[in-house]
Amino acid sequence: MKQASIPGLAGREMPTRTYRERRDSRWRRLRRDKWLYILLIPGALYFLIFKYVPMWGILLAFKNYQPYLGFWKSDWVGFEHFRVFFDNPDFFMLLRNTLLLSFYNLVFFFPAPIILALLLNEIRLSFYKRTIQTMIYVPHFISMVIVASMSYVFLTTEGGAVNEFLYTFTGRKIDFLSSPDWFRPLIILQTIWKECGWGTIIFLAALAGVDVEQYEAAVVDGANRWRQIWHITLPAIRSTIIILLILRMGTILDNGFEQIFLMMNALNREVGEVFDTYVYALGITQGAFSYSTAVGLFKSVIGVTMVLGTNWLAKKFGESGLY
Amino acid sequence: MAKRYKNAGETVFDVFNYVILGIIGVAALLPFLFVVAGSFATDAEITKRAVFLIPSTISLDAYRFIFSTDTIMRSIGVSVYVTVLGTLVNLFFTVTMAYPMAKRNLMGRNLILNLIIFTMLFGGGMIPTYLVIRELHLLDTLGSLILPGAISAFNLIIVKNFFQELPLEMEEAARIDGCTELGLLWRIVLPLSKPVLATFTLFYAVGHWNNFFSALLYINDPEKWPLQVMLRQIVMLSQAAAGDISTMDPGFVQPPEQSIKMAVIVVGTLPIMCVYPFLQKHFAKGVMLGSIKG
Numbered sequence: 001m002k003q004a005s006i007p008g009l010a011g012r013e014m015p016t017r018t019y020r021e022r023r024d025s026r027w028r029r030l031r032r033d034k035w036l037y038i039l040l041i042p043g044a045l046y047f048l049i050f051k052y053v054p055m056w057g058i059l060l061a062f063k064n065y066q067p068y069l070g071f072w073k074s075d076w077v078g079f080e081h082f083r084v085f086f087d088n089p090d091f092f093m094l095l096r097n098t099l100l101l102s103f104y105n106l107v108f109f110f111p112a113p114i115i116l117a118l119l120l121n122e123i124r125l126s127f128y129k130r131t132i133q134t135m136i137y138v139p140h141f142i143s144m145v146i147v148a149s150m151s152y153v154f155l156t157t158e159g160g161a162v163n164e165f166l167y168t169f170t171g172r173k174i175d176f177l178s179s180p181d182w183f184r185p186l187i188i189l190q191t192i193w194k195e196c197g198w199g200t201i202i203f204l205a206a207l208a209g210v211d212v213e214q215y216e217a218a219v220v221d222g223a224n225r226w227r228q229i230w231h232i233t234l235p236a237i238r239s240t241i242i243i244l245l246i247l248r249m250g251t252i253l254d255n256g257f258e259q260i261f262l263m264m265n266a267l268n269r270e271v272g273e274v275f276d277t278y279v280y281a282l283g284i285t286q287g288a289f290s291y292s293t294a295v296g297l298f299k300s301v302i303g304v305t306m307v308l309g310t311n312w313l314a315k316k317f318g319e320s321g322l323y
Numbered sequence: 001m002a003k004r005y006k007n008a009g010e011t012v013f014d015v016f017n018y019v020i021l022g023i024i025g026v027a028a029l030l031p032f033l034f035v036v037a038g039s040f041a042t043d044a045e046i047t048k049r050a051v052f053l054i055p056s057t058i059s060l061d062a063y064r065f066i067f068s069t070d071t072i073m074r075s076i077g078v079s080v081y082v083t084v085l086g087t088l089v090n091l092f093f094t095v096t097m098a099y100p101m102a103k104r105n106l107m108g109r110n111l112i113l114n115l116i117i118f119t120m121l122f123g124g125g126m127i128p129t130y131l132v133i134r135e136l137h138l139l140d141t142l143g144s145l146i147l148p149g150a151i152s153a154f155n156l157i158i159v160k161n162f163f164q165e166l167p168l169e170m171e172e173a174a175r176i177d178g179c180t181e182l183g184l185l186w187r188i189v190l191p192l193s194k195p196v197l198a199t200f201t202l203f204y205a206v207g208h209w210n211n212f213f214s215a216l217l218y219i220n221d222p223e224k225w226p227l228q229v230m231l232r233q234i235v236m237l238s239q240a241a242a243g244d245i246s247t248m249d250p251g252f253v254q255p256p257e258q259s260i261k262m263a264v265i266v267v268g269t270l271p272i273m274c275v276y277p278f279l280q281k282h283f284a285k286g287v288m289l290g291s292i293k294g
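Going down the list, the sequences are from chains A and B.
Take the first sequence: its letter number 35 is residue 35 in my numbering, and every next letter is one higher.
Take the second sequence: its letter number 55 is residue 55 in my numbering, and every next letter is one higher.
So that you can see chain A by itself, here it is in the shape it has in the complex:
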């Protein structure tokens, strides 16, 4: 036993080790790694209690949960909640709001960090580049509540700076915060301000790996800056763009609960309400647990399908994909 379990070799793939391991019985390996398994306990309990028990709680979507009966004794209703949800006019409102926000996000926000990274990559003065990077990463660490609060303070019609400004020059005020027309542009602008700078990191990291010799060779071949960007820089970040696009597709029904919740009010609800805020309003504030669980489940199933689907597509087109 002694020689079979020199534990120092753990973690290294050595042919002798695997040979010896085959001789080890399961029980022996369990005993040898006793402390490792003990260390696993807190983390395993965490995933069990806070991740897997809620997954099993999804069954609520197929029951009619009554608080006085509890989880076990409440009646099964099958797909009743889903049927009610799909027949509800709210369903189309939620789907439209969610998809439109995602679409605007994809068109206006998604390319922004790519363009910004390309611009940054063209800066030769490394001090200037680093200073700009330091500045544009700041908003990422500011909480959504602060972002929304600042928007309120600046945009309110009661003494907000932007409206005071508008009033001085045009004599009119715009009610940005409760006008349905301004809701989507505001959300996208906030997202661009908060995450555009941070989003460049992953592209800049990919670009840092590009061999300078490639550019030098291109110069020798007579390529100008645009050609260099087109033929060297962009292909270098192509797979990163595709992976991020896959991730974005997977979260197409996720519009960021906090942001929407904070910016939404009774007046812009018709364009603001999305799946997550709807689940919150019905489940947490009104106590319709089963119905809101069904809505949440619908959203996650579409989400997983989207991730797996786009990943499959990416592989089909010769990209490496995520899984």
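No lab work stands behind these hints: they were computed from the structure.
Note that the coordinates shown come from a computational prediction; the quantities given were computed from them, not determined experimentally.
Mimicking PhoX-like on lysine-lysine, the simulated pairs with C-alpha atoms at most 25 Å apart in a straight line are:
no.	chain 1	residue 1	chain 2	residue 2
1	B	K281	B	K194
2	B	K103	A	K34
3	A	K129	B	K281
4	B	K194	B	K103
Once you have looked at the hints, place chain B on chain A.
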């Protein structure tokens, strides 16, 4: 690389590029600078000028006012408590799980890893999680702000990958000297991982300080509201009073509402600004480590 300069068109592009990026950099900070300036302003100034970066008179009245009652102070206390304790819990759970998971020949490792990755793809959702918290009697306790997010699966996998890449020579030497598995983690692995742990300490801490969602869901008692929830009540809903004029000296003029709100925003952002230089030093590393591999 100056020899890459070819023609006038490219020089024009370069000048343009420097200017544009300069503007973008300033735009990232500008709203916050306006808020800081506005928080020091007096009533007269706010009605005179809508936007300004340097107030003509610096008044601390807004700050004196918001700290005149313990509403803000108490919520700062809650946030600090949750941030400190929560981050310690995060580190303990993440490290104790990442260490065994980094051992390639641990029996059942792949199964556990796949179960963890699955939680990144699919989850029970808001309501089932809420009900679990309720059944555990964690509603309206600060535990509800700490335990449900004890591990971020993403961070766990990055730390695990980092442990996996550590050189094993020292580990082997320590084992031969009779070091136990726990001693090894404590004396060899953790000291070697200081930079990566510093990164995640900061990430987790910022996450706790900025967390609004959990408190919105799980905390109803205003006494236990963290600063982010209090901020929303004061600035966005105007439902909570930030200060109390009756506790101030006679003759104290109530500062303009805009200044009070801006002062509260500054207080909520200040801690982030204080750790930002450290974040800056570490986060690029954190993102680079982010490449997930089995």
